[in-house]
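Colleague: Listed below are the residues making up each chain.
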Amino acid sequence: MTDSNSSININDQEITERLAFLQLNPRDINLLKALHDTLKGRHTAFIDDFYIQLQNFDATRNLLTDSALVERLKRKQEAYFDRLTAGCYDLDYIKDRINIGETHHRIGLKPQWYIGAYHYYLAWLLPEIQKQLVNDQTACIDTMQAIVKVILFDIELAVDAYFQADHEMLRLLAQVFQSNIEGVIITDIRRQILHVNNKVAAIAGYRNEDLIGQPITLLLPAQEREAFVSHWQDIKQGEPWQGESLLQHCQGNLFPAWINVSGVKDETGIVTHFIVEFSDISAYRTAQEALSQRTEELARSNKELEQFAYVASHDLQEPLRMVASFTQLLSRRYRGKLDADADEFIHYAVDGATRMQTLINDLLAYSRIGSRTKPFESVNLNSVLQRALANLHVAIEESHAKIIYDELPNTHGDITQLTQLFQNLIGNAVKFRGELPPEISINVSDADKYWRISVQDNGIGIATEFYERIFVIFQRLHNKEDYPGTGIGLSICKKIVERHGGQIKVESERGQGATFIFTLLKTLTKETN
Amino acid sequence: MSLENIGRAAEFLLVEDNPGDVRLTCEALTESKVKNNLSIVGDGMEAMAFLRREEPYTDAPRPDVILLDLNLPKKNGLEVLEEIKADPSLKRIPVVIITSSEAEQDILKTYDLHVNCYVNKPVDLEQFIKVVQSIETFWLTIVKLPSEVVD
Ligand code: HEM
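As you go down the protein sequences, you meet chains W and A in turn.
Be aware that the first sequence starts at 1, since it is given in the numbering used here, and climbs by one per residue.
Be aware that the second sequence starts at 1, since it is given in the numbering used here, and climbs by one per residue.
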């Protein structure tokens, strides 16, 4: 016999005990052995007849549709019946029988069909015995008794197998029931609590025995009971209910819970029990509230920062204009009239003031993206691109740049900002060109909820370690002599893209050109800032 | 024919509270070829008193062109503009807004109030001087002003 998964523990001692209870004695064994010899090879006819009987019932017929299986089965059954009277009921015999029982259980054959089937066997066998022992009535009766005893022994083992298999399932399900995540309560149809798992106690504070027999409403605070009246109706109809509700701890305090209530149906589809699963979501709620508060705070402080940047840059402009103008005036009027030191000092003062003016202007432009905005409107990106190219036409002509582009889609957004986005990216591609005239290609692809637009150039490229840095305000990679600028352009691009619900990144290798890729939400339900 | 040909100096009124800007405007105008007088007032109330020749401006000349800042104490540039354009005796005087505000609503609002032109103060000195001189050249040598016409 192949090894079975069976966890049944039957030892020699128990076999002896069971057989003793059945009063299977050595004389029985001898009688069975004598019978065994006369039955050798004679089961075939019975088994064929047996299978005909099995065709009369749906439950048995449906398991026997495969004719190859039936042929195999017939041979196995023959061996089975042969072994029944062989007179050796040891551990190996028992394992074999339990295996067969497990097979029947596994295929869904209910025990009544298996046990009832012995009737057909006895109906064939008993007359056989009577015929053989017609002259010895005692031996005849005793043989019949002996065969009944071993059949009962087999049935015991089959029942063991069925029980054990079901028990195993129960053991596994019990583990599931004792969930560590959810409280689980089983109630009867009147919503009286039948079973609770340990988590219920942990969440709601009750001891298990305090809950058994109580109505489930014990856990529902008064204000929630009303709502549940209709839920129960739906659940009884077979619709599970899931939702959030307050539950009441045994000490009276309320806590938010996520609850699932479903009905358990019997074979006819009628709900007989309810299963209530719930988890305490207080911690989740607290975390969620903290998160939304933090998000709110962040948005506020962002807004404030933007406001600050705007006000600062706007208000700083006036005094700075004075500094710049009058140092320039100084330089205009007195250059070459004082000594060389004075000329140099004036030069640095003018230069510093001018640089600061550019920075403040850029900061102002940057802060305006978030704070002084027009509502989004429908935008044709082709005309946006054309506008950007027109604004850049001097740089494009001077550098002999070749620009190719896809047909671009329509989208929603701020036309001025999107123009600026294209203008900055294309402008950069022209500005950071290599030895060759710039070749710039603008492509679009469909990326689910987004348009994915790339601006690719053949310029000097960007080393990987600077991918993040280039999008940070006032971060520059080159000195001002080679490439003038404050380092605001890409941070403005990033802000514009993000305001349009997208993202921007760069792919490049030093000396290999760069590709800036950004996404734009196709449809904006509301502004993302 | 334009102002420079009628034999008197052109009269500018500059309404500006920032002494730095006043000085810069003066500087720009001293470099000018056209003979001009520049009167200066520091807020909106003074501007109206000047134009209406109220104390202490009873002897004030009538300006040929008004240079008006928007951001003024007491009475702001918009209010001054509105009063000038509502006053039949003043409304013909050309008003040039010269401001650092780039706000769209300021531009639209002032034109609604019949401003004659709106100019941003350039941040760069060279530009600033150029702008002031352009204003001067344009208003004093190119356009025909109502003050040239004897009615
Ligand atoms: C006294 C009655 C019965 C005996 C002694 C018996 C015996 C056996 C034996 C020895 C096997 C082979 C188990 C194995 O491969 O390990 C088996 C399998 C099977 N039996 Fe029974 N059986 C009985 C009743 C029934 C009945 C009433 C049905 C109903 C249709 C049935 C259907 C099957 C089927 C379908 C299998 C094959 C399972 C499979 O391998 O997929 N048996 N039986």
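Some clues are possibly wrong.
[Said to hold, decoys possible] Here are the computed lysine to aspartate or glutamate pairs in the EDC-like style, where the Cα-Cα straight-line distance is at most 20 angstroms: (1) W:Lys149 x W:Glu318; (2) W:Lys33 x W:Asp92; (3) W:Lys431 x W:Glu498; (4) W:Lys95 x W:Asp160; (5) A:Lys130 x W:Glu318; (6) W:Lys74 x A:Asp106; (7) W:Lys374 x A:Asp106; (8) W:Lys374 x A:Glu27; (9) W:Lys337 x A:Glu27; (10) W:Lys110 x W:Glu318.
[To be verified] Computed spacing ranges between beta-carbons, pair by pair: (11) A:Lys35 x W:Gln475: 48 to 54 angstroms; (12) W:Arg452 x A:Pro19: 52 to 58 angstroms; (13) W:Thr358 x A:Lys33: 55 to 61 angstroms; (14) W:Val472 x A:Arg23: 50 to 56 angstroms; (15) W:His347 x A:Arg62: 43 to 49 angstroms; (16) A:Ser39 x W:Arg335: 28 to 34 angstroms; (17) A:Asn76 x W:Leu316: 19 to 25 angstroms; (18) W:Gln475 x A:Arg62: 55 to 61 angstroms.
No wet-lab data here; the hints were simulated from the structure.
The beta carbon of each residue, even a glycine, is placed where N, CA and C say it ideally should be.
Colleague: For every hint, state whether the structure bears it out.
Modeller: Going through the hints against the structure:
For the hint linking lysine 149 (chain W) to glutamate 318 (chain W), the alpha-carbon distance of about 113 angstroms lies beyond 20 angstroms, and the restraint is violated. A distance of roughly 18 angstroms separates the Cα atoms of lysine 33 (chain W) and aspartate 92 (chain W); the hinted pair therefore holds under the 20 angstroms criterion. The straight-line distance between the Cα atoms of lysine 431 (chain W) and glutamate 498 (chain W) is roughly 24 angstroms, outside the 20 angstroms bound, and the hint therefore fails. With a C-alpha separation of about 11 angstroms, the suggested pairing of lysine 95 (chain W) with aspartate 160 (chain W) holds against the 20 angstroms cut-off.
With a C-alpha separation of about 19 angstroms, the suggested pair lysine 130 (chain A) and glutamate 318 (chain W) falls inside the 20 angstroms cut-off, and the hint holds. Simply put, lysine 74 (chain W) and aspartate 106 (chain A) have alpha-carbon atoms about 101 angstroms apart, too far for the 20 angstroms limit, and the pair is violated. Restraint check for lysine 374 (chain W) and aspartate 106 (chain A): satisfied, since their Cα atoms lie roughly 16 angstroms apart, inside the 20 angstroms limit. The straight-line distance between the Cα atoms of lysine 374 (chain W) and glutamate 27 (chain A) is roughly 39 angstroms, outside the 20 angstroms bound, and the hint therefore fails.
Simply put, lysine 337 (chain W) and glutamate 27 (chain A) have alpha-carbon atoms about 19 angstroms apart, close enough for the 20 angstroms limit, and the pair holds. Among the hinted pairs, lysine 110 (chain W) with glutamate 318 (chain W) is inconsistent with the structure: their alpha-carbon atoms are about 94 angstroms apart, more than 20 angstroms. A beta carbon spacing of about 53 angstroms between lysine 35 (chain A) and glutamine 475 (chain W) agrees with the range 48 to 54 angstroms that was offered as a hint. Between arginine 452 (chain W) and proline 19 (chain A) the beta carbons are some 55 angstroms apart, a value that agrees with the proposed interval 52 to 58 angstroms.
Our hint of 55 to 61 angstroms for threonine 358 (chain W) and lysine 33 (chain A) is violated, since their Cβ atoms are close to 33 angstroms apart. Remark: the range hint 50 to 56 angstroms for valine 472 (chain W) to arginine 23 (chain A) is contradicted by a beta-carbon distance near 40 angstroms. For the pair histidine 347 (chain W) and arginine 62 (chain A), the supplied restraint of 43 to 49 angstroms holds, since their beta-carbon distance comes to about 45 angstroms. For serine 39 (chain A) and arginine 335 (chain W), the hinted distance range of 28 to 34 angstroms is satisfied, since their beta carbons lie about 32 angstroms from each other.
Separated by about 21 angstroms at the C-beta atoms, asparagine 76 (chain A) and leucine 316 (chain W) satisfy the suggested range of 19 to 25 angstroms. The hint said 55 to 61 angstroms for the Cβ distance between glutamine 475 (chain W) and arginine 62 (chain A), and at roughly 56 angstroms that hint holds.
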